[in-house]
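Peer 1: Next come the chains, spelled out residue by residue.
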Amino acid sequence: MKKLTKKRSKKIGLPPGTPVHIGDEKTAPVTISVINYSETLLNERKLQKIEECFPLIDTSTVPSEGTASSPSGRSCTWINIDGLHKVDIIEKIGANFKLHPLTLEDIVNTEQRPKMEDYGDYLFLVLKMLTYGDKTHEIHTEQVSLILGSNFIISFLEDPGDVFDPVRERLRKSGGKIRKSGADYLAYRLMDAVIDHYYLILEKLGDRIESLEEELVTRPSQTTLHNLHSLKRSMIFLRKSVWPLRELISGLERSESVLIQKTTRVFLRDIYDHTIQVIDTMETFRDMVSGMLDIYLSSISYKMNEIMKVLTIIATIFIPLTFVAGVYGMNFDNMPELRWHWGYFYLWGVMAAIALVMLFYFRKKKWM
Amino acid sequence: MKKLTKKRSKKIGLPPGTPVHIGDEKTAPVTISVINYSETLLNERKLQKIEECFPLIDTSTVPSEGTASSPSGRSCTWINIDGLHKVDIIEKIGANFKLHPLTLEDIVNTEQRPKMEDYGDYLFLVLKMLTYGDKTHEIHTEQVSLILGSNFIISFLEDPGDVFDPVRERLRKSGGKIRKSGADYLAYRLMDAVIDHYYLILEKLGDRIESLEEELVTRPSQTTLHNLHSLKRSMIFLRKSVWPLRELISGLERSESVLIQKTTRVFLRDIYDHTIQVIDTMETFRDMVSGMLDIYLSSISYKMNEIMKVLTIIATIFIPLTFVAGVYGMNFDNMPELRWHWGYFYLWGVMAAIALVMLFYFRKKKWM
Amino acid sequence: MKKLTKKRSKKIGLPPGTPVHIGDEKTAPVTISVINYSETLLNERKLQKIEECFPLIDTSTVPSEGTASSPSGRSCTWINIDGLHKVDIIEKIGANFKLHPLTLEDIVNTEQRPKMEDYGDYLFLVLKMLTYGDKTHEIHTEQVSLILGSNFIISFLEDPGDVFDPVRERLRKSGGKIRKSGADYLAYRLMDAVIDHYYLILEKLGDRIESLEEELVTRPSQTTLHNLHSLKRSMIFLRKSVWPLRELISGLERSESVLIQKTTRVFLRDIYDHTIQVIDTMETFRDMVSGMLDIYLSSISYKMNEIMKVLTIIATIFIPLTFVAGVYGMNFDNMPELRWHWGYFYLWGVMAAIALVMLFYFRKKKWM
Amino acid sequence: MKKLTKKRSKKIGLPPGTPVHIGDEKTAPVTISVINYSETLLNERKLQKIEECFPLIDTSTVPSEGTASSPSGRSCTWINIDGLHKVDIIEKIGANFKLHPLTLEDIVNTEQRPKMEDYGDYLFLVLKMLTYGDKTHEIHTEQVSLILGSNFIISFLEDPGDVFDPVRERLRKSGGKIRKSGADYLAYRLMDAVIDHYYLILEKLGDRIESLEEELVTRPSQTTLHNLHSLKRSMIFLRKSVWPLRELISGLERSESVLIQKTTRVFLRDIYDHTIQVIDTMETFRDMVSGMLDIYLSSISYKMNEIMKVLTIIATIFIPLTFVAGVYGMNFDNMPELRWHWGYFYLWGVMAAIALVMLFYFRKKKWM
Amino acid sequence: MKKLTKKRSKKIGLPPGTPVHIGDEKTAPVTISVINYSETLLNERKLQKIEECFPLIDTSTVPSEGTASSPSGRSCTWINIDGLHKVDIIEKIGANFKLHPLTLEDIVNTEQRPKMEDYGDYLFLVLKMLTYGDKTHEIHTEQVSLILGSNFIISFLEDPGDVFDPVRERLRKSGGKIRKSGADYLAYRLMDAVIDHYYLILEKLGDRIESLEEELVTRPSQTTLHNLHSLKRSMIFLRKSVWPLRELISGLERSESVLIQKTTRVFLRDIYDHTIQVIDTMETFRDMVSGMLDIYLSSISYKMNEIMKVLTIIATIFIPLTFVAGVYGMNFDNMPELRWHWGYFYLWGVMAAIALVMLFYFRKKKWM
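Chains as they are written, first to last, in the numbering used here: chain A, 1 to 368; chain B, 1 to 368; chain C, 1 to 368; chain D, 1 to 368; chain E, 1 to 368.
Incorrect hints may have been included.
As the list claims (entries may be wrong) - Using 16 Å as the maximum straight-line C-alpha spacing, the simulated EDC-like pairs for lysine to aspartate or glutamate come out as follows:
1) D:LYS364 to E:GLU306
2) B:LYS86 to B:ASP24
3) A:LYS240 to E:GLU306
4) C:LYS115 to B:ASP280
5) A:LYS232 to E:ASP273
6) A:LYS11 to E:ASP82
7) C:LYS232 to B:ASP82
8) C:LYS232 to B:ASP287
9) B:LYS11 to A:GLU203
10) A:LYS49 to A:GLU111
11) E:LYS46 to E:GLU91
12) E:LYS11 to D:ASP165
13) A:LYS115 to E:ASP82
14) E:LYS366 to A:GLU91
15) E:LYS240 to E:ASP280
16) E:LYS115 to D:ASP280
17) A:LYS232 to A:ASP159
18) A:LYS115 to E:ASP273
19) C:LYS240 to B:ASP280
20) B:LYS366 to C:ASP273
21) B:LYS232 to B:ASP192
22) A:LYS240 to E:ASP280
23) A:LYS366 to B:GLU51
24) E:LYS11 to D:GLU169
25) B:LYS177 to B:ASP192
26) B:LYS86 to B:GLU51
27) C:LYS11 to B:GLU51
28) C:LYS240 to B:ASP287
29) E:LYS232 to D:GLU283
30) E:LYS364 to A:GLU306
31) B:LYS365 to C:GLU306
32) E:LYS240 to D:ASP280
33) E:LYS98 to E:ASP121
34) D:LYS115 to D:GLU142
35) B:LYS232 to A:GLU283
36) B:LYS240 to A:ASP24
If you're looking for bench data, these hints aren't it; they were derived computationally from the structure.
For reference, chain A alone in the conformation it holds in the complex (with noise of 0.2 Å):
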């Protein structure tokens, strides 16, 4: 089972500012890549020491109003750093980037909540990136940090593998929107792909909770509760990372940074329909499991009653004739009725009538 919480103990008492990789212990080599694009070149390549990168990024020029939304001419660069747990590339590029200490602290604390920040010169975007493991139902969760500078892009992931590969694709085809546009249609199209994967996720839950329905119809067991107790689980995980989402981008929507361009805002504002589209959809799920518990309640609480009345049934019947059957298997010397000679047959009778009334009683009563 996942750890409800990571490790943050070791934090307590550094000053503000200090980059300290919050999450898995890893071993794993860091990877860098970096992708340089305009309108007409494309520039790919695998780093080995991250200050390779920083002559290819013109950051001497901050977009004034105008400039920012003809960005024809001028370059744009995206770096992509696989792996937070050396913190010495990530103090470089805050070196040579100019980020505030806050935001290295967060970059490498895996904990944070999907926020943005405007730092004036950069946007600071921090998303969950979730994917759901086939045989084990569980989601899994990695922090997307994304600085916007005004012509570059950086991107922190947890682990290698992530769901940008349908934008790598798109940007090394020339003549895309995507190749022509800036920094901050690039940055859209990387939170695009984070929501769309969303979607995947809800499927994914969709047809687990159906199939749960189903099983809590046909043949409901103390399995099926162990497996909605883990879907509301998954829940109420996922929920923590989709809310925050609709006020981040609500909130990058709205901003007034130069940084954002008049026409990558129409396709915010489509995105935080999807988010909203989202965020729905896991309410009606939510809806649904809690209703699914009740429906499990109230099955057990029904067959308990079923089989009671078997047991009541059946109980009440004979017990009272085993009283009668064990009265006359008694040995007083002087029990007049076991001489009779039709005394046998009499007591079936008896018996016979005992039954029938408890019988009538019971049907009275609708129990059978």
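Using the hints provided, position chains B, C, D and E relative to the given structure of chain A.
Peer 2: Coordinates of chains B, C, D and E only, in the frame set by chain A:
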């Protein structure tokens, strides 16, 4: 059972604005019908090709604030498209009416939330048309997208068959308000037709709640529970379609778009009231259904109690008596009581006393 | 049982503003009564035809801000219509007083939510008049629509019989504030009469809650549960009538309509307070009723426990003893114990020991 | 048990502003006490007739913003009325101080919600004074109405006995802040005295929650449940008195009335904080009590389980054994086993084996 | 168990602004420590008398907007008071630093909600320092009050021992940001230390939730339930301490006080984020714990069902058989079956048939 989510995964990785049909696969032909009308004329046609209708619509003049309020003299056109799976038709419409790529994407993706978007030249509305399956007791949802331009409306539906026939009838009769008013009034009438149908759904649901309540009181069973659950599920889906409508219509009413004339706003306030009424009734139903689940559970608990009382009364009376009878059925050589002449009759007295004490105890405990 | 929804389906497809009566079918005649009053005069009549009253009302002068505050010299008229099923009467009124078609539609459609609409020349108010059926314990709802013009009020009710008699009495006495004030004060008095009646409903509900609580403690039964459920249902409906009132009255208080004089606004604040009080008490009742359901369920569980304890104590003591008695009732040829002289008495000792051990165990478990 | 609603029905039909006492009927005499004080003087009296105090109060000068902040030189008067059932006294006060009829109506109608109303010349405050019945464990509510004028306060209480004695003590000592400040500061002190008493109620409730929690863990019974329920009920009423206070005090703090001096506003912020603290603690208690209901139900279910396990273990071991013993108690002529020499002892072996198998099964199921 | 409320009753009747210690009685001496620092100097002392530190602090110059942002040259002083039960110390501080009486009252009354108050010359902050008792699993709450002046901070704590040691360590090292910044930055660092500790509490709670979840699945018992309940209780108290913090910090961030420099506001945004994260995790925990209660109840119901099934199967098979055996144990003279030669063996056949029919029935009902 209806699938919880539609397979949206095939869209992942495509650039935004790519119209991909999300919904059930269909092979039926797409039907295109056009109604062109003004105060004096009406022209109704079925088209083979979407291109045929383009010359009919004069999109040259965007209305200014003044001209919009006097649409007389200009004709309006209503294009209705039944079927969204032929994406090329949608794309041709998009190209002719200069619709934003994101609008086209939203039209074919039938998982949209009801919403209103103002693109300046046109308003884009998404509604959910609901129909009630009398046999399955399930609510069928169909997405209705409306493009409201200055003198045209384009409506997109998933399947043939809709709730707009009364509106068509009205249009055919000359002299009505609908013929004298502009495209915005027609849009209002179409929305009104959709929302009017929600009342029908509510009536059906109300009838079903009443019959279930009746059933709950007279003959609760496992089926009652499953019906309650499916009713609850229906209402979760209804809620999802109706809640966002509130925001949609109030947004439309307050919108500053020149496409909505002042006289139409009064009517929008009217359907806003209807929406609130629908939501209100829906919430009342929700409260009632959850109250019914409580009463179901309480009923079952109460019945269990009744059953257990009967079992306990029978068992606690006869188990001790059976023991006593068993004692005198033993075969010890030396059991003096067995030799007493009236032993058997004394024992009957003792057993009757035990039974009476028990009965008295139960009566004191109010179990009988 | 009251129907959950009224058949609104017959309205589907009709153009907006078509007045169609939604409600129970009625054959009773429609009663029209008119009271025309000023500070010095009072004229009260029953009309055969609605047209008779039109000349009485001077609708020519729309009040300006100044004249409205000095209505002396001008007379006010209150027209009361009992019965909405004769649509032609409503239409004639509409034509004479120039009411908007949507107003007429709302008057006859008795499923309206309480609301206030400002049509400039007149205010349109919808309220719910509630009466409590002492036998059925059901709340009867009747829609009251008020048209407040500059010097007239028209009230529409579904059935004969209303809560306005004290207001009529006041009007008949000369010299009261009501005779000196304008139509807006009369409107306030009518609303006050309706809301005052809500307190009566709350008193009845409060009495019922108390008697149910008493019943719950002393003799809970299946009937208690059904009464609780019907009480809850009553409160759901009450809530639906009362909640929107809050908005209605605060809307009226803040409204900029010249039809509401400044001196009347203080009184509106007073009935606003009353509404809040009613809502508050209602919410308290809701909390109490849901607490009662919990206590009902807990009581039943507790009682089940008590019953099971008794059954278990009796059964666990006597079942082993019966087994022992059964053993010595067997007919094996070679059973040495049966031959012992004191065997029978030894066995009684053993059985008493078993019973004592059991009792000790139950006492330790605190079951006795 | 306290009645849920007071009989307000006798008010129905009366014109607004008619003061009718709503509350328990009383015969006790009404007590009127007056304290007239300034920085240097103090004059305390009990009055027979309310008219006696009117000349004492100088109502001629309504304070302007400047003079209000320097009340030195002017004396303040606090009139306290214990008992609301003599309506004529209230009416005389109303006439002398020119109170609005609606104010008088609210003073005698003791079902008011806590509220603050600004009538220009005076502020009208309604509070609820709570006292805890140590024996009944019920909270007694008494309405306190305050009229705050420029240099006088009139307080109205339902019964003799109040929480204001410490304030009186302070007033009697010369040199305190209270003697130097104006009527608004006295009003604050009275409100503070009322709210301070809420802490006492919370302490009592807290003690009761703790003793119930203790009881729940050690010896839960039906009484525990009823105590929980009555505790919950107490908190519903407490909540009703305390929640509106928040709005009242923040309204007073932000009010633009010249009757509240700037220096007093800091103290109002302080009692606002107290109110929030009371509400906070109250909500914590609510959460705890509802958690206790859950634990009660779970405990009962758990105990039921334990009981059922014991019953089932005993029954499933001995019922089959009793059957076996019963078989060999039959009187068939031809039962070979009965004739075997060691038959009886073999059977004991078989029965021991059955019992051991059963015990092994229960241990595997973790029932023992 | 911790008391729910502290005895505040002794305060009743005292005038506002009277500092009375509300909390546990203590006899330990009050510790006063002072740290005086600037960029170049550091002076740390323990004081015997609070008066000794007053000359150290230059309170003459209230900072203007400009000077506050350049605190270099001026030294800052941090006075830390451990122990609130010596009210005279608090009063002396109040007199020297001109604190409002209400501030002094709030410092010693340790039942405050976290809050921020701006008194112009100083800001008054109340926080809750939480520590987790590893043995008792209880959260210990200690009130931290901070007075933030232009160049001094006074912190008040209830007991010796705090979470500020890392801050002291930082201060002792020269050259850090903390030595260069003003008193507001120190205040931020103290708040940060308190909030950082909340993560530790959350980690502990998270571990406990996980171990309880494990326990719930493998070996649920009455103790599990009590642990769940005490966990829930801990979270109610945590919630009470953390929720108001959100408002406090955002108030501080938006405050217009000249005591907060612009550069410090970025850091306040950071701890605001931390607070939101803590709240988020807390709410997730709440959801999980309430889900666990549900699963506990469902588990118990399910187990009850299993137990009842076993009991019912055994009882319904053997009770009828025992009856049959009882019948042939009767001693009637005339019982033909007993005389049949194969009677006994026939009966075994009949009994086996009965058992098989029963088993078949149970299998059909899916009880086995």
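Peer 1: So, for every hint listed, does it hold in this structure?
Peer 2: So, going through the hints one by one against the coordinates:
no.: 1; hint: D:LYS364 to E:GLU306; result: 14 Å, holds
no.: 2; hint: B:LYS86 to B:ASP24; result: 13 Å, holds
no.: 3; hint: A:LYS240 to E:GLU306; result: 37 Å, violated
no.: 4; hint: C:LYS115 to B:ASP280; result: 13 Å, holds
no.: 5; hint: A:LYS232 to E:ASP273; result: 26 Å, violated
no.: 6; hint: A:LYS11 to E:ASP82; result: 26 Å, violated
no.: 7; hint: C:LYS232 to B:ASP82; result: 46 Å, violated
no.: 8; hint: C:LYS232 to B:ASP287; result: 9 Å, holds
no.: 9; hint: B:LYS11 to A:GLU203; result: 13 Å, holds
no.: 10; hint: A:LYS49 to A:GLU111; result: 27 Å, violated
no.: 11; hint: E:LYS46 to E:GLU91; result: 19 Å, violated
no.: 12; hint: E:LYS11 to D:ASP165; result: 14 Å, holds
no.: 13; hint: A:LYS115 to E:ASP82; result: 38 Å, violated
no.: 14; hint: E:LYS366 to A:GLU91; result: 64 Å, violated
no.: 15; hint: E:LYS240 to E:ASP280; result: 14 Å, holds
no.: 16; hint: E:LYS115 to D:ASP280; result: 13 Å, holds
no.: 17; hint: A:LYS232 to A:ASP159; result: 26 Å, violated
no.: 18; hint: A:LYS115 to E:ASP273; result: 9 Å, holds
no.: 19; hint: C:LYS240 to B:ASP280; result: 7 Å, holds
no.: 20; hint: B:LYS366 to C:ASP273; result: 48 Å, violated
no.: 21; hint: B:LYS232 to B:ASP192; result: 26 Å, violated
no.: 22; hint: A:LYS240 to E:ASP280; result: 8 Å, holds
no.: 23; hint: A:LYS366 to B:GLU51; result: 69 Å, violated
no.: 24; hint: E:LYS11 to D:GLU169; result: 15 Å, holds
no.: 25; hint: B:LYS177 to B:ASP192; result: 15 Å, holds
no.: 26; hint: B:LYS86 to B:GLU51; result: 14 Å, holds
no.: 27; hint: C:LYS11 to B:GLU51; result: 37 Å, violated
no.: 28; hint: C:LYS240 to B:ASP287; result: 11 Å, holds
no.: 29; hint: E:LYS232 to D:GLU283; result: 14 Å, holds
no.: 30; hint: E:LYS364 to A:GLU306; result: 14 Å, holds
no.: 31; hint: B:LYS365 to C:GLU306; result: 10 Å, holds
no.: 32; hint: E:LYS240 to D:ASP280; result: 8 Å, holds
no.: 33; hint: E:LYS98 to E:ASP121; result: 9 Å, holds
no.: 34; hint: D:LYS115 to D:GLU142; result: 14 Å, holds
no.: 35; hint: B:LYS232 to A:GLU283; result: 14 Å, holds
no.: 36; hint: B:LYS240 to A:ASP24; result: 39 Å, violated
Hint compliance for this structure: hints 3, 5, 6, 7, 10, 11, 13, 14, 17, 20, 21, 23, 27, 36 are not met, and every other hint is.
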